[in-house]
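Asker: In case you want the letters, here they are:
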Amino acid sequence: MADTTDTTTDEPRENDHEAPGPDDDVAAAVLGAFAGSVFVRSHGQPVVYVARGSFADVARYLRDEQQFSMLIDVTAVDHLLDGVRYSPPGVALERFEVVANYLSHVRNRRLRVICEVPAAEPSVPSLTPVFPGANFPERETFDMFGIAFEGHPDLTRILMPDDWEGHPLRKDFPVAKVPVTFKGDPSPR
Amino acid sequence: MGLEQVPHNFLTARLEDVVRWGRRNSVFPATFGLACCALEMMATGAAHYDLARFGMEVFRASPRQADLMIVAGRVSQKMAPVLRQVYDQMVEPKWVISMGVCASTGGMFNNYAIVQGVDQIVPVDVYTPGCPPGPETLMHGILTLHEQIRTGELLRRREASPTGGAGIVLDREPLPTSSPVS
Amino acid sequence: MTDTHHPDTSLQRQTDEGAQELVPRTRELVMTGGVWPEDTLGDTMIINMGPQHPSTHGVLRLMMELDGEEVLRIKPVIGYLHTGMEKTGEDLNYVQGTTNVTRMDYASNFSNELVFSLAVERLLDIDVPPRAAWIRMMMVELGRMASHLLFQATNGMDIGAVSMMLYGWREREECLRLFETITGLRMNCNYIRPGGVAADLPPGWRDHVLKVCDTVEAGVHEYDELLSDNPIWLERTVNVGVITTEECLAHSITGPILRSTGFAWDLRKAQPYLPYDEVEWDVVYASNGDVYDRYRIRLFEILESAKIVRQIVEKMPPGDFRVQDKKITPPPRARIDESMEALIHHFKLFTEGFKVPSGETYVAVESPRGEIGCYLVSDGSARPVRMHIRGPSFYNLQSITPMGGGSLVADAVAIVSSIDPIMGEVDR
Amino acid sequence: MAALVVAFVLLSFVASQLLAPRRPNAAKQAPYESGIVPEYEPAERFPVKFYLVAMSFIVLDVEIVFLYPFATVFRDLGLFGLVAMAVFVLVLLVPFAYLLSVGALEWGPVQRILRAGPGPLLRTRERVLDPMARPGAGEEDAA
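Sequence lines, in order, name chains S, C, G and F. Take 1 as the starting number for the first sequence in our numbering and just add one per residue. Take 1 as the starting number for the second sequence in our numbering and just add one per residue. Take 1 as the starting number for the third sequence in our numbering and just add one per residue. Take 1 as the starting number for the fourth sequence in our numbering and just add one per residue.
Check before you lean on any hint, since a few could be wrong.
[What the hints assert, rightly or not] Computed Cβ-Cβ distance ranges for the label pairs, DEER-style: (1) ASP337/G x ALA120/S: 55 to 65 Å; (2) THR215/G x GLY103/F: 44 to 54 Å; (3) GLY55/C x PRO275/G: 48 to 58 Å; (4) GLY55/C x PHE8/F: 13 to 23 Å; (5) ASP277/G x ASP163/S: 20 to 30 Å; (6) TYR98/F x LEU15/C: 51 to 61 Å; (7) PHE70/F x ALA160/C: 56 to 66 Å; (8) ARG64/C x ILE126/G: 23 to 33 Å; (9) ALA30/F x THR215/G: 27 to 37 Å; (10) GLN17/F x GLY55/C: 48 to 58 Å; (11) ALA7/F x HIS140/C: 53 to 63 Å; (12) ALA30/F x PHE28/C: 15 to 25 Å; (13) ARG150/C x SER12/F: 20 to 30 Å.
[What the hints assert, rightly or not] Over the 10 Å line for every Cβ pair with chain S, so calculated as not near, a few chain G residues: (14) VAL95; (15) ARG122; (16) ARG186; (17) PRO202; (18) GLY219; (19) LYS307; (20) GLN311; (21) ASP320; (22) GLN324; (23) VAL385; (24) LEU397.
None of these hints come from the bench; they were simulated from the model. If you're wondering where the values come from, they're calculated on a predicted model, not measured in any experiment. Think of the CB as a built atom: it goes at the ideal place given N, C-alpha and C, for glycine as much as any other residue.
Generate coordinates for the entire structure from the input sequences, incorporating the hints supplied.
Answerer: In structure tokens form, the structure reads like this:
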């Protein structure tokens with residue numbers, strides 16, 4: 001870890017809603033380093049929307065320059081059937097969103113990096129070369145949403161049987177409910 | 001030749017009772033713990049609710065030495081062939097208890113991933129409700145199974161309707177009897 | 001310290017003629033998802049410690065490449081308990097959401113319910129009354145005790161101390177009976193809900209909780225005497241499955257495994273989400289990062305949780321156990337007969353559920369296995385758009401490869417048991 | 001008494017042959033792979049270490065078999081019996097010592113060279129943020 005822990009004053013406690021003071025300095029640094037990224041404070045948590053191509057570079061930047069030592073989670077969201085979609089200003093909304101949560105132990109901070117993924121070409125650069133911990137979640141996101149992660153060493157299905165067609169967590173995949181019939185029920189509803 | 005080939009008359013009646021009594025008192029369950037019900041199955045097997053009183057305290061790991069399969073937990077689509085394979089590898093006569101609503105009817109997970117009721121895969125003899133069923137409920141299910149074994153009603157039901165359980169059963173055809181095994 | 005070598009690099013083999021370099025495999029064995037191509041060249045054997053196996057906790061399948069008794073490579077294959085919970089989560093409204101989430105990590109249900117409730121409350125921008133927060137803290141700590149007791153039972157049995165299974169369950173039975181008195185159910189209690197807790201504490205709960213703490217502490221000291229200095233136990237667990245802090249950080253591993261490598265990171269201390277800073281307790285950690293340290297950390301975390309619960313029993317504040325916002329909390333049963341408005345609220349809450357403004361948030365909580373997080377995206381309707389639970393065991397399972405390479409089969413069993421994976425949370 | 005013994009032996013062998021229902025099917029012949037349906041028949045050669053262990057087991061097991069009859073009558077045999085059996089056991093110790101020396105029972109792939117003992121269990125009350133920091137012993141707990 002390069003420098004000593006910088007004394008960031010506003011230590012946002014977890015359930016502290018309005019983080020006081022100026023923008024989160026880490027997010028400001030990311031905005032500076034990567035053009036076209038947008039900063040939003042969602043319920044007190046810093047969130048950065050970045051371009052799809054620079055998803056892995058942001059991870060490398062956070063790990064090397066900003067002391068974000070752990071990638072907490074990689075997942076995706078399908079916004080096909082949204083009611084009132086949460087749309088931060090200045091972000092080109094697409095159908096899929098890939099979400100990566102980072103945690104910096106030294107600075108006790110969290111940051112969420114989101115990138116929009118069009119349905120036509122669902123692929124995102126993989127984080128596994130930067131954080132080996134992303135291996136399983138990326139395979140799960142591929143299995144559940146069909147979003148390919150370029151550069152992933154072994155992108156195969158992890159949860160569903162290998163010969164399963166379709167990606168279950170997509171909104172257009174039916175929940176496949178079996179009609180519930182009771183004893184003596186004339187015809188299944 | 002098995003018990004079935006023995007002519008059923010007054011001479012052999014006592015023999016059948018002895019055999020059924022023997023089977024009832026030493027049912028060995030195969031560890032087939034899948035989800036939350038597995039914890040309650042272990043709790044039933046542990047010191048306080050003690051399954052050892054019924055001669056069942058040994059949870060055999062391999063199906064070769066088990067004659068009761070307690071399906072404890074939700075059966076996913078990926079687990080179905082494994083469950084069928086373990087059921088086939090169990091020794092005869094074998095019985096199945098479907099523990100919990102997820103195993104019996106898919107429970108609250110009425111979706112693409114869960115087999116809606118394990119009786120679509122294996123013939124089930126006793127269903128225990130609950131999510132997870134308390135140790136008392138499981139023991140009540142086990143005692144009902146014991147009772148049916150003792151009266152021989154279970155085997156009669158299995159012979160009468162090959163499916164045995166409520167649902168369809170994909171049964172593999174047994175090998176021709178002239179195989180070197182018998 | 002043994003050098004923790006990565007299995008892909010060539011292995012040193014100690015024979016009586018000194019260290020023999022294991023010739024790296026001529027043909028790189030492709031680790032695909034399907035069954036491995038038959039290995040005719042090497043003398044290694046590929047076996048399945050498969051889904052139905054006594055020592056894999058639940059339905060975890062380990063494909064192991066064995067050279068005699070020595071494990072060269074372990075590849076975990078999961079998905080045998082995939083229940084589509086995240087899809088069901090999108091189908092249920094927020095009032096019903098906790099019943100679905102509580103069945104993920106079925107060893108400690110309260111952590112799941114807490115993380116989902118905190119996420120919903122974060123989206124609604126509401127705070128629970130202090131009594132609800134303290135009740136939640138007590139239940140989560142009791143759940144941690146019950147979960148670690150389960151770990152002691154199964155870990156003991158996997159490594160060979162079969163009687164540990166009975167002892168562990170003896171204490172856990174006390175905890176389950178306490179859960180039944182307070183929440184009504186032994187497991188999957190659905191007690192912590194968005195807006196507070198389901199019901200107030202029953203009368204006489206103080207001495208029942210203190211009695212459970214006494215029995216569990218007596219039990220823990222008994223295990224300590226039984227196992228911690230037992231030479232066989234030390235032989236089987238010390239320096240087995242060693243992992244370093246860097247490997248943990250790289251593989252996103254949290255919880256007791258991370259604390260066993262010497263980094264005392266605990267979300268309850270670092271980012272408190274409940275009034276943890278108003279009770280005195282210590283973070284237990286160790287330095288070797290082997291199976292023995294993880295066993296001891298979890299053993300003494302039970303004592304820490306008992307210490308927290310004792311302080312909670314003294315400091316429990318009076319007041320409401322649920323937020324008094326009519327749109328979220330159903331009215332008490334008696335009120336329904338008296339006021340029409342209460343009846344409407346009750347009817348609306350239990351048929352359609354309450355609406356949550358559109359937004360997204362991620363909340364993390366320290367569960368007995370590590371950081372459990374809930375990423376919730378809402379679109380203003382009564383059902384979430386996306387309810388993703390970051391299961392700690394899902395990431396901790398990735399530590400099998402750095403830990404498992406170059407050990408014996410019996411060690412591999414000890415390593416899997418020391419990771420303490422709960423398959424419901426891994427496969428979701 | 002003898003009749004009872006013979007009856008018991010016969011019963012346990014013959015009864016199971018007679019009364020067990022025999023329904024062989026393909027799965028029962030297949031090797032048990034923890035539930036996985038093996039597509040290919042794994043034609044491995046077992047490593048030689050397993051045969052070595054089997055051989056040493058047979059040697060030691062036969063030794064125990066000879067100890068049983070000796071144990072029933074060793075009082076009457078007196079000193080002569082004791083010396084004879086001691087010679088027998090000593091003779092069998094030689095191969096066992098050779099086995100231990102050559103490392104047949106050492107399955108460890110990599111010798112755990114440093115027998116480092118278990119590390120101390122540490123506690124800290126205040127929060128630790130730096131992964132590399134080892135904040136001293138805290139209050140060392142005499143576990």
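Asker: If a hint holds in the structure, say so; if it doesn't, say that too.
Answerer: Results of checking the hints against the structure:
no., hint, in the structure
1, ASP337/G x ALA120/S: 55 to 65 Å, "holds (57 Å)"
2, THR215/G x GLY103/F: 44 to 54 Å, "holds (47 Å)"
3, GLY55/C x PRO275/G: 48 to 58 Å, "holds (51 Å)"
4, GLY55/C x PHE8/F: 13 to 23 Å, "holds (20 Å)"
5, ASP277/G x ASP163/S: 20 to 30 Å, "violated (52 Å)"
6, TYR98/F x LEU15/C: 51 to 61 Å, "holds (55 Å)"
7, PHE70/F x ALA160/C: 56 to 66 Å, "holds (59 Å)"
8, ARG64/C x ILE126/G: 23 to 33 Å, "violated (57 Å)"
9, ALA30/F x THR215/G: 27 to 37 Å, "violated (47 Å)"
10, GLN17/F x GLY55/C: 48 to 58 Å, "violated (23 Å)"
11, ALA7/F x HIS140/C: 53 to 63 Å, "violated (38 Å)"
12, ALA30/F x PHE28/C: 15 to 25 Å, "holds (21 Å)"
13, ARG150/C x SER12/F: 20 to 30 Å, "holds (22 Å)"
14, VAL95, "holds (18 Å)"
15, ARG122, "violated (5 Å)"
16, ARG186, "holds (26 Å)"
17, PRO202, "holds (28 Å)"
18, GLY219, "holds (33 Å)"
19, LYS307, "holds (23 Å)"
20, GLN311, "holds (21 Å)"
21, ASP320, "holds (18 Å)"
22, GLN324, "holds (19 Å)"
23, VAL385, "violated (6 Å)"
24, LEU397, "violated (7 Å)"
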